[in-house]
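*Asks:* The listed protein sequences derive, respectively, from chains B and E. Just so you know, we're using my numbering here: the first sequence kicks off at 1 and counts up by one. Just so you know, we're using my numbering here: the second sequence kicks off at 243 and counts up by one.
Don't read these hints as lab results, they were simulated from the structure. Incorrect hints may appear among the rest.
A few chain E residues that don't get close to chain B, going by computed Cβ distances all over 12 Å [to be verified]: (1) Met259; (2) Leu272; (3) Gly335; (4) Gly377; (5) Val393; (6) Leu430.
A few chain E residues facing chain B, derived, Cβ under 8 Å [unchecked claim]: (7) Met243; (8) Pro245; (9) Thr254; (10) Ala258; (11) Arg265; (12) Thr342.
DSS-like mimics (lysine-lysine), calculated; alpha carbons at most 25 Å apart, straight line [said to hold, decoys possible]: (13) E/Lys411 to B/Lys70; (14) B/Lys210 to B/Lys16; (15) B/Lys16 to B/Lys56; (16) B/Lys200 to B/Lys210; (17) E/Lys411 to B/Lys56; (18) B/Lys16 to E/Lys411.
Predicted, not measured: the structure shown is a model, and the values here were computed from it. Built from N, CA and C at the ideal position, the CB exists for glycine as well.
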Amino acid sequence: MQPLSVQNLSYHYGAKAALKDVSFELSTGRFCALLGPNGAGKSTLFSLLTRLFVTKQGQITIAGHDLSRKPRAALAQLGVVFQQQTLDLDMSVTQNLRYFAALQGLSGRSAQHRIDAVLDRLSMRERATEKVRRLNGGHRRRMEIARALIHEPQVLLLDEPTVGLDSATRKSITDHVHDLAADGMTVLWATHLVDEIHPKDDVVILHQGKIRKQDTARAIAGSGTLIDAFMDMTQQTPEPSL
Amino acid sequence: MKPYLVSLQAITAREAMRFVNQRARFLAALVRPLVWLLVFAAGFRAALGLSIIPPYQTYITYEVYIVPGLCGMIQLFNGMQSSLSLVYDREMGSMRLLLTSPLPRWWLLFCKLLAGVAVSILQVYAFLAIAALFGIHLPLMGYIYVLPALVITGLMLGALGLLISSTIKQLENFAGVMNFVIFPMFFLSSALYPLWKMAESSPLLRDICALNPFSHAVELIRFALYEQLNLTALLWVCLSFAVFLGGSLIGYDPAFGASRPRRG
């Protein structure tokens, strides 16, 4: 049983197809980059994976649970970092995490134990009592990741989580998430920045709603670079690494 | 059952904390009805004569008449404020936390609704306390009897806000809600004048006012404040609540696309 399986998924905005027969699977402990230019369908796919939107065409299975038939069991195994900030700026780091833990049905000691664990894991323990408004962009993104991990999901989705961050912070966050995958977490990381992808990572290239290629970054790059391969497949210039 | 109560407590605490942090909102929520009570009502006191109508046993001043309407006004504005913050939350991302939680969506939206009602009831009691300081006294038990009425009317007006928020795609469109929902609801009701008074100028307007759920919310509050139950108003408010809540749950159902994703 794969932690995340997407089979024959299609979605339309009116008459316009946003996703066309998309299928892929992620294995346990793998970091998979969903690579695509703007407008490729990444956000639409994420909205479908998180059940913000539903479609009758195709099937999504998370940790063995069909998202359309058992949405609650499936969502319980999913951690999501959205592009937009979800934190309350006027609440402290711990208060925000406690709120999210409650939305997962966690409270009391078990919630506090998990909050402490994710703060340690993201090196945010010393910021626990600070208001989110005082945190810099990098720490806020780390907090978003901590929030998404609090219920110990099997699958972590991140929708362009490094947008707006400087290169050092981007690298730090990318490394953190790669470490999570190395520890057994299954990660789907949507991006259009190829320098966030390591050679051994899985890559799904999405363009105009279709999957163009799916393999490891090293295999897709072949004898050239991943940027060149991506450009060839999408006929677009990817954003260069900073 | 525990996860349900944990989420209810967390959502209510978060709304309360937000409200406390937004002191201007609390002030505005109190100043608005007080201006109506102390300025508008004083000015119209002489112009608007009121006969004895239930639940009143004697002649009352205009200030006394409009107190229940102003309680309803506080809840109406609070419901719209909650609706505005829901639209804002959806644009900013925090709404997604609710919508992707493994707890049932209807329950989480209901928690959000209850949290808004709790905040509106605090505002109403603060308003009633200030009104009492200005000499507008109500029967003592009325302050207790009105509590369940405020819960029901708050739920109905909050559900209306929820329904509106599910149909509004952008924050900028919210000004229209003020013009097309709040003002007609408030002015076409029994909040400021009894319906018999309205009938003197236009029977049609009176009929529209009688159909307005907000009129029934005001009457439910009015009768409760005088230790009486207005059964018709209660049924009308409950029916409206069921319709608004049902509509908003459909609106927030992913199959119907209230949380339509951005393309990318």
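*Asks:* Hints first: check each against the structure and report whether it holds.
*Replies:* Hint check results:
1. A beta-carbon of chain B comes within 12 Å of the beta-carbon of E/Met259; the shortest separation is about 7 Å.
2. The non-interface label for E/Leu272 is consistent with chain B: the shortest C-beta to C-beta separation is roughly 21 Å, beyond 12 Å.
3. The non-interface label for E/Gly335 is inconsistent with chain B: the shortest C-beta to C-beta separation is roughly 3 Å, within 12 Å.
4. With a minimum CB-CB distance of about 38 Å to chain B, E/Gly377 clears the 12 Å threshold, and the non-interface call stands.
5. The Cβ of E/Val393 lies farther than 12 Å from every Cβ of chain B, with a closest approach of about 23 Å, so its non-interface assignment holds.
6. With a cut of 12 Å on Cβ distances, E/Leu430 stays outside the contact zone with chain B, its closest approach being about 37 Å.
7. With its C-beta approaching chain B no nearer than about 10 Å, E/Met243 sits outside the 8 Å limit, and its interface hint is violated.
8. Interface restraint check for E/Pro245: the shortest CB-CB distance to chain B comes to about 3 Å, inside 8 Å, so the restraint holds.
9. For the restraint placing E/Thr254 at the interface with chain B, the shortest Cβ-Cβ distance is roughly 10 Å, beyond the 8 Å limit, so the hint is violated.
10. Taken as an interface hint, E/Ala258 does not check out: its beta carbon lies about 12 Å from the nearest beta carbon of chain B, beyond 8 Å.
11. Interface restraint check for E/Arg265: the shortest CB-CB distance to chain B comes to about 12 Å, outside 8 Å, so the restraint is violated.
12. This hint holds: E/Thr342 has a C-beta 5 Å from the nearest C-beta of chain B, less than the 8 Å allowed.
13. For the hint linking E/Lys411 to B/Lys70, the alpha-carbon distance of about 28 Å lies beyond 25 Å, and the restraint is violated.
14. Proximity of B/Lys210 to B/Lys16 is assessed by CA-CA distance (about 13 Å); at most 25 Å being required, the pair is judged to hold.
15. Note on B/Lys16 and B/Lys56: the hinted pairing holds, with a Cα-Cα distance of about 16 Å set against a maximum of 25 Å.
16. Of the supplied pair hints, the one linking B/Lys200 and B/Lys210 holds, its CA atoms being roughly 23 Å apart against a limit of 25 Å.
17. Distance check on the hinted pair: E/Lys411 and B/Lys56 sit about 23 Å apart at the alpha-carbon level, within 25 Å; holds.
18. Between B/Lys16 and E/Lys411 the CA atoms are separated by roughly 20 Å; this keeps the pair inside 25 Å, and the hint holds.
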